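Trainee: Knowing the structure of chain F, use the given hints to seat chains X, Y and W on it.
Protein chains: 4
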Amino acid sequence: MAEKIRVGVAGYGTIGTRLADGVALQGDMELVGIADLAPTLSIRALAENGMIGANGVKYNLYLVDGADKSQFDAMGIPVAGTFADLCKSVDIMLDSAPGGVGAKNKENYYDKYGVKAIFQGGEKNSVADVFFHGYANFEKGVGQNYLKLTSCNTTGLIRTVDALDRAFGIEKVAITIIRRVADPGDYHRGLTNALQIDKAPSHQAVDLMTIMPHVNATGILVHTPVTHGHIITVLATAKNGKKITKAEALEVFQKHPRIRVVSIDEGFKGNASLFKYARDLGNRRGDMYEIGLWEDSIVESGNDIMYAINIPQESVTIPETMDAIRASMKMQLTREEGTAATNKYLGIGKFKK
Amino acid sequence: MAEKIRVGVAGYGTIGTRLADGVALQGDMELVGIADLAPTLSIRALAENGMIGANGVKYNLYLVDGADKSQFDAMGIPVAGTFADLCKSVDIMLDSAPGGVGAKNKENYYDKYGVKAIFQGGEKNSVADVFFHGYANFEKGVGQNYLKLTSCNTTGLIRTVDALDRAFGIEKVAITIIRRVADPGDYHRGLTNALQIDKAPSHQAVDLMTIMPHVNATGILVHTPVTHGHIITVLATAKNGKKITKAEALEVFQKHPRIRVVSIDEGFKGNASLFKYARDLGNRRGDMYEIGLWEDSIVESGNDIMYAINIPQESVTIPETMDAIRASMKMQLTREEGTAATNKYLGIGKFKK
Amino acid sequence: MAEKIRVGVAGYGTIGTRLADGVALQGDMELVGIADLAPTLSIRALAENGMIGANGVKYNLYLVDGADKSQFDAMGIPVAGTFADLCKSVDIMLDSAPGGVGAKNKENYYDKYGVKAIFQGGEKNSVADVFFHGYANFEKGVGQNYLKLTSCNTTGLIRTVDALDRAFGIEKVAITIIRRVADPGDYHRGLTNALQIDKAPSHQAVDLMTIMPHVNATGILVHTPVTHGHIITVLATAKNGKKITKAEALEVFQKHPRIRVVSIDEGFKGNASLFKYARDLGNRRGDMYEIGLWEDSIVESGNDIMYAINIPQESVTIPETMDAIRASMKMQLTREEGTAATNKYLGIGKFKK
Amino acid sequence: MAEKIRVGVAGYGTIGTRLADGVALQGDMELVGIADLAPTLSIRALAENGMIGANGVKYNLYLVDGADKSQFDAMGIPVAGTFADLCKSVDIMLDSAPGGVGAKNKENYYDKYGVKAIFQGGEKNSVADVFFHGYANFEKGVGQNYLKLTSCNTTGLIRTVDALDRAFGIEKVAITIIRRVADPGDYHRGLTNALQIDKAPSHQAVDLMTIMPHVNATGILVHTPVTHGHIITVLATAKNGKKITKAEALEVFQKHPRIRVVSIDEGFKGNASLFKYARDLGNRRGDMYEIGLWEDSIVESGNDIMYAINIPQESVTIPETMDAIRASMKMQLTREEGTAATNKYLGIGKFKK
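Residue numbers (my numbering), protein chains in the order written: chain F, 1 to 353; chain X, 1 to 353; chain Y, 1 to 353; chain W, 1 to 353.
Don't take every hint at face value.
Just so you know, same-sequence chains aren't split out, so a pair can sit in one copy or run between any two.
Said to hold, decoys possible - Taking lysine to any residue and the SDA-like style, the derived pairs with C-alpha atoms no more than 20 angstroms apart in a straight line are: (1) Lys172 to Lys246; (2) Lys69 to Asp85; (3) Lys239 to Asn303; (4) Lys199 to Ala247; (5) Lys350 to Gly76; (6) Lys69 to Gly267; (7) Lys58 to Asp73; (8) Lys69 to Ala38.
Don't read these hints as lab results, they were simulated from the structure.
Here the structure is a predicted model, which means the values were calculated and not measured.
Just chain F, with the same shape it has in the complex (with noise of 0.2 angstroms):
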């Protein structure tokens, strides 16, 4: 492919300032440009580098509707010209706008420019073609103008159940999910000293079986007062009552190039042993693409397979939604193909053996 992809993201908040970087990470795509309507602080922050982001990309900033261009320029943010101008310019859109909005900005702008978009888990899926995932779903994504990728929670959820499936075959899983309350910098939400259930069965367990109707699945979710990932248990039964040995398992999460299999013997305690690994990786933002998935915690439930998975809220995604890109934009046309083209400029899965 000669011509680099021409992406845009609109929303440059916790996902959009990471679809950014992930973005300007992939050597066969361009960011041309990320689209906001106020000088938050990110963008004030980007500023302060001169608009040069992850890899030594200039980011662009272009002015969403309502935007007030005269707050940028007195803080002296250079602007590249309004959303319309942006949409123009791409190939495709990465739509982070806040949930709702994404559909406005289907409506008035990339129907209307004839752009493709991927929109995140806070729009609803009627917004999309394809309810997406790189690893359950890439060929159904493929040449579609409008996918939808899944949450954070769902993200990573899937690629283990995908995973176990593709090996074993599942036909059931019952989750529960410790939910982090807020992410670092966040002052909008938080919970005190205070576990809190909502009501059962969990979206993520009904939007996995929107991604993988042949599974049966549901689950309960707690959110608790921390901010560094959430943690999975996942239970899943295989058809027609085989055995999945923990040892079956384990070497299905080893391969998969997404799933970071740790154990408590490294130091890996938690949630917030990975987030000091990755700032001590040197990623940018101290992200990690990958979920962890502890080896102590696989144990067998009978027949079944119960295991423990961390899911990096700000940046799990990331991966899933370049995945969508190449799928769109039929850059490869097999999930295969798709994803090692992800994994090789986003750098995931060096780690492995």
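Mentor: Only chains X, Y and W this time, still in chain F's reference frame:
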């Protein structure tokens, strides 16, 4: 029974304070005294109230080996005698000394003075003749000299699994324990913005199998930085592929005196709601003896049933310890009569319609 | 005084529940009833106890405008009448309705029925004739119809500053408030792994100057993710360059009935120790009326004195509200007599040697 | 200076990892290597990146006494030599070994090999010739063999007090330290829903007086259950009753390269905002070298000035440690030149207008 059973409490800590209160509330028991080593804040609070505890009962203080009586004298805290004096004056001791001390107390005192004893979860199983749960194996404890209680999580968990087992026959459970990491007031342990995972299977699952050997149990435990109550999710499988419906499970739970079925819609959003509710009830120390079980957490997973419970860790084992006294002392001979007597004196189940 | 003063409580929330308990404990007051809008968990807990609250007193429930009586009927919660009925039956109302509602209650009810009222810190100062503190300006409240209490932090803070002022003459204070962000049981507010700073000066410093206009006060407030008690550090400067020694300050604090001088060596390591201690005291809801003051926090800064106090936010304003009833109703005419009567009935100061 | 100063780092923990990064960024220094005992997660993360750290620099690993090289070999982590080898190859060592080990290293290695060394705050003052702060007493460190840095809180605190002192002459400060209790990733310490108070005065106030003996300092420290940055409130009194206005203080702070003046209105709501901002800056590990100082926290208390600062505990001492190398090695001879060189290489102050 004309004479009241004479009971002593060794160790006036988080559990010991509540054991003393529990005994003080039993109309057919007499709290002879409590024993401890140092003038802790709990003992100083008692002294501030003229040594009067629950139900207007006087809590006589005995000193264990190594205690410095002059410390108590200096603070004006009255001392009734030595630990040996206490042992000689009771029919049965409740041992809530720090883990390992109970075994020594047994060797040096209980054996010597021919006193029966009930140990808490911190001791090894070998310290006792029977690993005991009031609802699951009351009859095994009848007339035995040394009983050991299940730990807080296991006690609450077994209430539900035993109830399902008696109704439907249970062959397998898989649990996820979202463990509170410290008690209110603790400074010697804690976790800050981190989830911590233990090696699986959790000891609670293993302990359940000791009490209910016909059930296959496993599970994963994750520590969370909160103080008010563990939450456990349970997935239970009936024998012979029998389906348990949500309605059937709910009915079983609603009938159990020590299970309080609550819902999110009522305002019970999590463990902190239950802690607040217990304070509003005017319960001593803001404690609750019942476990909470969220009606809106119950979901069917194929033929299996999944649900979430709340474990008030400071007080949940008190009723089963009272049951243990009743079994050991042959005050009642069956689980129905034994638990009913305990429930009556502790006011348990009065909220049931 | 032959007849008991008849008191009502509007709003049965965190403060209202405790105001009702406080009145129930006053031997010279009668709790006519409480008023609220919906069958909250606090009211349901009361109903579970047959509407019996502190001191064995019956808490009659009246419904405010907009309440749906059928909801209460469906739950079997007895209703005694309307808010107007309550207002007509009392001498004075304690208004702990949500902020702003008190002002409407005054206009629509208290003025109309000629009932006196005491408002809590959430209302604007203009709602009342006097901004009141039992120790700092009792006499200003005598005979007044409408008093407003200082907020929890200000109430505790003024106890210490007023005491120092009467002993040494204070001209300036600078405070740092380490504010707990939520109450136990709160799910509507919280903070996760974050400190949050407010614009200075904090309103508590400003409020202190309203009550004690001869003192120059300022300060900084930082929110922290805990639920058990604010901690305030205070730096106080005496008039005319007079030095206050640690020994002198300590003596003043030790004499104050509503200041509990504690130390780290005793085991009072922080706010959680005090919360636990209050539970061990057997206080209803595990509350404490006194503020804690750490002896080992007192240090001299040149001629100034610096110290740290703990504010039990749920219960600290109850004694001063009882004082306010006494002042408004002329039950006592001086701060010495008024606060002494309150202290006697609440059991405050019995820990003093 | 033609030749680069050769630097080693002993102890690759929270501080050591960042010291290595700091040296790697200094254009006039060469990071010869790092030394540690075991293949910790930080070292494994380094190995996962082919031992490449900040600025593309290779971090050669040396093993201290007691290390088991076979552990490293088994993991494929390259080892460059022994601690003695490292000491022989450097001009100066940065010792960030656990508290107390530094003194032994000095005795067994630095003295022996004639290597200069900079110790961190965990060592006793007696280990060094000078207790050092880059801005407050640079000249005292010039040419000295052994320097000890102030701890994180003291380092940040002194930046502001020294700046005020040079502008106005300070005679007294009273501080309140709202201390974060653990670093992100810590599992060995923590606090859950509790504030903990230390005996006053805090050691930071005492340390300040060692560095700035003409200032009378005292203060109170309260531990809080957060991981991102301490917050300190400072009340500073000028000599001779001179008044410091808010505008004057602000101007001083804004000029300081290592003080970042921020405001709540910009979105800097607390310590977590600053942590997020540093991650958005793309700083390695999401670190920040500057302390934050809230413009809207500055208030006048009579003639005194009060303000609040944020201390990024993991990274704040790195610049002053680079200063210490410069002083000890006589790379620069004055505080102006020394700190300017450090700031240039660390990119500090580029945000200043």
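Trainee: Go through the copies and call it for Lys69 and Gly267: within, between, both or neither, with a Cα cutoff of 20 angstroms.
Mentor: between (49 angstroms within a copy, 19 angstroms between copies)
Trainee: My question is about Lys199 and Ala247: at a cut-off of 20 angstroms on alpha-carbon distance, are they close within one copy, between copies, both, or neither?
Mentor: between (34 angstroms within a copy, 16 angstroms between copies)
Trainee: At most 20 angstroms between C-alpha atoms: does Lys58 with Asp73 qualify within a copy, between copies, both, or neither?
Mentor: within (18 angstroms within a copy, 41 angstroms between copies)
Trainee: For Lys69 vs Ala38, is the C-alpha pair at or below 20 angstroms within one copy, between two copies, both, or neither?
Mentor: Within. Shortest intra-copy distance 9 angstroms satisfies the 20 angstroms Cα cut-off; inter-copy 48 angstroms does not.
Trainee: At most 20 angstroms between C-alpha atoms: does Lys239 with Asn303 qualify within a copy, between copies, both, or neither?
Mentor: Both: 10 angstroms inside a chain and 14 angstroms across chains, each within 20 angstroms.
Trainee: Is it within, between, both or neither when you check Lys350 against Gly76 at 20 angstroms Cα-Cα?
Mentor: between (40 angstroms within a copy, 14 angstroms between copies)
Trainee: At most 20 angstroms between alpha carbons: which applies to Lys172 and Lys246, within, between, both or neither?
Mentor: The answer is both: 17 angstroms in one copy and 18 angstroms across copies each meet 20 angstroms.
Trainee: From the Cα coordinates, with 20 angstroms as the cut-off, is the pair Lys69 and Asp85 best called within, between, both, or neither?
Mentor: Answer is within; shortest intra-copy Cα gap is 15 angstroms, inter-copy 59 angstroms.
Hint violations for this structure: none, all hints satisfied.
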